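J.: Okay, here's what each chain looks like letter by letter:
2 protein chains.
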Amino acid sequence: MTEFDLIRRHFTRAAPNAVLGVGDDAAIVRPTLGCDLHVSTDMLVEGRHFFADVSPEALGHKALAVNLSDMAAMGATPRWVTLALALPRLDEAWAAAFARGFFALAAEHGVSVVGGDTTRGPLTLSVTIFGETPHGQALRRDAAQVGDDIWVSGQLGLAAAALQQRLSGSTELLPADCLRKLERPQPRVALGRALLGVAHAALDVSDGFAADLSHILARSGVGAQVWVEALPMHPQLAAERSRWLAAIAAGGDDYELCFTAAPAQAAAVQAAAAHAGVAVHKVGRILAGEGLCLLDASGQLVALERLGYDHFA
Amino acid sequence: MTEFDLIRRHFTRAAPNAVLGVGDDAAIVRPTLGCDLHVSTDMLVEGRHFFADVSPEALGHKALAVNLSDMAAMGATPRWVTLALALPRLDEAWAAAFARGFFALAAEHGVSVVGGDTTRGPLTLSVTIFGETPHGQALRRDAAQVGDDIWVSGQLGLAAAALQQRLSGSTELLPADCLRKLERPQPRVALGRALLGVAHAALDVSDGFAADLSHILARSGVGAQVWVEALPMHPQLAAERSRWLAAIAAGGDDYELCFTAAPAQAAAVQAAAAHAGVAVHKVGRILAGEGLCLLDASGQLVALERLGYDHFA
Chain A
1 MTEFDLIRRH FTRAAPNAVL GVGDDAAIVR PTLGCDLHVS TDMLVEGRHF
51 FADVSPEALG HKALAVNLSD MAAMGATPRW VTLALALPRL DEAWAAAFAR
101 GFFALAAEHG VSVVGGDTTR GPLTLSVTIF GETPHGQALR RDAAQVGDDI
151 WVSGQLGLAA AALQQRLSGS TELLPADCLR KLERPQPRVA LGRALLGVAH
201 AALDVSDGFA ADLSHILARS GVGAQVWVEA LPMHPQLAAE RSRWLAAIAA
251 GGDDYELCFT AAPAQAAAVQ AAAAHAGVAV HKVGRILAGE GLCLLDASGQ
301 LVALERLGYD HFA
Chain B
1 MTEFDLIRRH FTRAAPNAVL GVGDDAAIVR PTLGCDLHVS TDMLVEGRHF
51 FADVSPEALG HKALAVNLSD MAAMGATPRW VTLALALPRL DEAWAAAFAR
101 GFFALAAEHG VSVVGGDTTR GPLTLSVTIF GETPHGQALR RDAAQVGDDI
151 WVSGQLGLAA AALQQRLSGS TELLPADCLR KLERPQPRVA LGRALLGVAH
201 AALDVSDGFA ADLSHILARS GVGAQVWVEA LPMHPQLAAE RSRWLAAIAA
251 GGDDYELCFT AAPAQAAAVQ AAAAHAGVAV HKVGRILAGE GLCLLDASGQ
301 LVALERLGYD HFA
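Here the protein sequences come in this chain order: A and B.
For the first sequence, position 156 (counting from the first letter as 1) is numbered 156 according to UniProt numbering, and the numbering increases by one without interruption.
For the second sequence, position 151 (counting from the first letter as 1) is numbered 151 according to UniProt numbering, and the numbering increases by one without interruption.
Don't read these hints as lab results, they were simulated from the structure.
Careful, some of the hints might be misleading.
Unchecked claim - Just a sample of chain A residues kept apart from chain B, beta carbon distances all over 12 Å, derived:
no., residue
1, G47
2, R48
3, A84
4, G115
5, E132
6, L167
7, E172
8, R243
To be verified - If you anchor each label on the Cβ, the simulated ranges turn out as follows:
no., chain 1, residue 1, chain 2, residue 2, range
9, A, P16, B, D142, 47 to 57 Å
10, A, D142, B, E92, 26 to 36 Å
11, B, E172, A, P16, 21 to 31 Å
12, B, A107, A, A238, 44 to 54 Å
13, A, D142, B, G136, 36 to 46 Å
14, B, R13, A, G299, 28 to 38 Å
To be verified - Listing some non-contacts, in silico: residues in chain B with all C-beta distances to chain A over 10 Å:
no., residue
15, A14
16, A73
17, E240
18, L287
All of these numbers come straight from a predicted model, not from anything done at the bench.
We put the beta carbon where it would ideally sit given N, CA and C, even for glycine.
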């Protein structure tokens, strides 16, 4: 089997929303009239973003999920994606399972794979995704306004707890949701779209809630207070809140949406969440000034050792 | 210095043709009305696509050049690019030099870097480029017609000769053009654009002339004969033609355009080449049937051990 056979067999599928898919020097797509185009890219490296023994099907799912999550964060409808893969060897079973996970999630979201590259090297995946929003409607990080409520979807800290357990070699029984969240995150695409015209600023929580919210604050030129008690968490983690606080507030790999909206939009936010089938929680407020204050139930400041993940720390 | 500092200092530049550049979950660009969008992605891995001791500035140049070459092959005007980097460590001097090479070529072609990702890992680069052509005008691989002339720009085999010398450790004096071609290929973007409406099929020669031309033949459902004597080569390589034949016909890394055009378009092809400031050479003809025949000066068949490069061979 050659590189070209592998691509043909496992990574070339019909791309119904493209003019020309995989197999030429470049794909050809036709952007929707009246829409802006969104582009985001992510790179995943073995031993850093995933373990060497991860199921290839789960990895295929996650490689696309983290990129769909970036589209969700802008309120964009994902449409096309490219996939570049460095593989240590031509392992057909691995490629087939990876492709199964990747294309199943792509089909679920109506996304076509329109380009790719396969080469030999340490296992590395790079996905670039393209999506669309109506002109000027995107949810941007720089759009938070003083007085906005801060919202978070789903629950935080599950993936970080699973990761922490794996790294420590502990055999403690964590909720099954934790590993599922680490290996098969569900990008909040429907929620992001439903928040167009409702929310102001948004992003997805990937590096850690506190670090990611700080990006909104910095780009919008505002500050915020957040009530740690209000951060949505799994009951089993909530039962040992102080132990899991770092995972919840700064763990990362959540792929939930964090967004701001005017208080008058609270009912519209809840309606959008109901439409998307995901719970949302009000966790804080945008303030004038700068910086992020985390407050405990008694109104005291909570300090975190670090706000989020740094790949080079 | 953190990952974010590195990105901010070296990889965040003004993106004048974007609505929103680096720094949000996704960039926002506004596609040109009446244009198709072209997307292509490439991954470069240390030890496979470049040597560990390559100048980072040359590497920055080449990482973008090979993607610009894919746009050239479609006749597309390159507009935006994303860059994902896995780096073994945060080396500021390395990053600065790499960015210098990358952004200098980007500026030359009016391309904006609108997104990126930096992570820790074995040195790996993944670039995704997007460009535009007027609706339905792109030069595709499947458009060759029986009777077309086959053309090649520039000279073939220079980079492969430089690579072969490096791998063999030989100290033979090769033309300086060879190393320049290997390290700093000049993508034929102006030529590709000038060929819109003139050429039928086109691609860029990256894996080896014979292998790449075979892609055109397979996708167009045609065959071809090529006159080995007519393949454009450097005089110093031509002086030892039989020794360098494999490098010229199947070496790869040329980033020249190979294209087909009706014989009646020969003058228009030459005018396009003159406009783009690059020489083009007629090297063969598209025939009915299938397969590629390489003929020597006496009309005998020339056999190649392999047609091109396979990353996993």
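J.: Enumerate the violated hints, using their earlier numbering and listing them in ascending order.
T.: 1, 2, 3, 4, 5, 9, 11, 14 and 16
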